[in-house]
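Student: Sequence:
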Amino acid sequence: MKVVVAYGYKDLQDATRNFSEKLGGGGFGSVFKGTLDDSSALCHDEISELIRSVIALYPFISMDIEFPDVVFPSHPAFRQPQNNYAVMKANVDDMHLIQVGLTFSDGHDNLPTFGTSNRFIWEFNFCEFDVTHHPHAPHSIALLQRQGLDFDKNRKFGVSILRFVELMTLLGLLCNNNI
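Just so you know, we're using this note's numbering here: the sequence shown kicks off at 920 and counts up by one.
Calculated from the structure, these hints are not laboratory results.
Where a beta carbon is used, it is the ideal one built from N, C-alpha and C, also for glycine.
Some hints here could point you the wrong way.
To be verified - Label-pair ranges, simulated between beta-carbon atoms: (1) I1040 / R1074: 44 to 54 Å; (2) N1003 / I1080: 32 to 42 Å; (3) S1036 / I980: 28 to 38 Å; (4) G1034 / V989: 41 to 51 Å; (5) L1089 / Q999: 16 to 26 Å; (6) A1056 / G1034: 36 to 46 Å; (7) Q1064 / L1030: 45 to 55 Å; (8) N1003 / P978: 12 to 22 Å; (9) T1051 / L976: 16 to 26 Å; (10) T1035 / Q999: 15 to 25 Å; (11) A1056 / T1035: 33 to 43 Å; (12) P1000 / L1062: 41 to 51 Å; (13) N1003 / L1089: 12 to 22 Å; (14) S967 / A1056: 30 to 40 Å.
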């Protein structure tokens, strides 16, 4: 039996005190934008435990990824499976991942609440992408900036992709037949 770590409303309230920019709301509750740093009530190791605690109860995971769009477009005349793969591989090989979002569900549209009235999802912004040096589609970057993504802030405070992969592996989110 898996042990679920319970974080109280006060812990989450303290950690998210400055999350004042409401991005939206709906059937799942409200979504706020904010950054957890090492000085918050919930630092990286505690975030790991928080995510680990939801896996048993919310084993369905959706992942949303942001890349800097397509830098090598394919020509319609050459859209054969082998060409499509080559173009996709060239794009993936040449681009840097910008963001990964994780949403955990129980399979009945319920998301983790941790005893609050809000539903929780996680977004990880990565520090490796540099808009001034790496290939990207300008219109895609402009769209992400209009949505509030701050690439300079990500370079300074973003998560290392290697650290993220390590976290995903340690949490059992990769190669796990139970989720």
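Student: Decide, hint by hint, whether the structure agrees.
Tutor: Against the structure, the hints:
Between I1040 and R1074 the beta carbon distance is about 23 Å. The supplied range of 44 to 54 Å is therefore violated. As the Cβ distance of N1003 to I1080 is approximately 26 Å, the hint placing it in 32 to 42 Å is violated. In this structure, S1036 and I980 break the distance hint of 28 to 38 Å, their C-beta atoms being roughly 23 Å apart. Checking the proposed 41 to 51 Å range against G1034 and V989 shows it holds: the Cβ atoms sit about 42 Å from each other.
In this structure the supplied range 16 to 26 Å is violated for L1089 paired with Q999, their Cβ-Cβ distance being about 41 Å. The supplied range of 36 to 46 Å is met by A1056 and G1034, whose beta-carbon atoms lie about 42 Å from each other. Take Q1064 and L1030: their Cβ atoms lie about 27 Å apart, and the range 45 to 55 Å is violated. Range check, N1003 to P978: about 32 Å between beta-carbon atoms, so the 12 to 22 Å window is missed.
Take T1051 and L976: their Cβ atoms lie about 43 Å apart, and the range 16 to 26 Å is violated. For T1035 and Q999, the Cβ-Cβ distance of about 51 Å falls outside the hinted range of 15 to 25 Å, so the restraint is violated. Here the CB-CB span from A1056 to T1035 is close to 38 Å, well matched to the stated 33 to 43 Å. At roughly 29 Å, the beta carbons of P1000 and L1062 sit outside the given window of 41 to 51 Å.
Restraint check, N1003 to L1089: a C-beta distance of roughly 34 Å breaks the suggested window 12 to 22 Å. Against the hinted window of 30 to 40 Å, the Cβ-Cβ separation of S967 and A1056 comes to about 33 Å, which satisfies the hint.
Going down the numbered hints, you'll see the structure goes against 1, 2, 3, 5, 7, 8, 9, 10, 12, 13, while the others check out.
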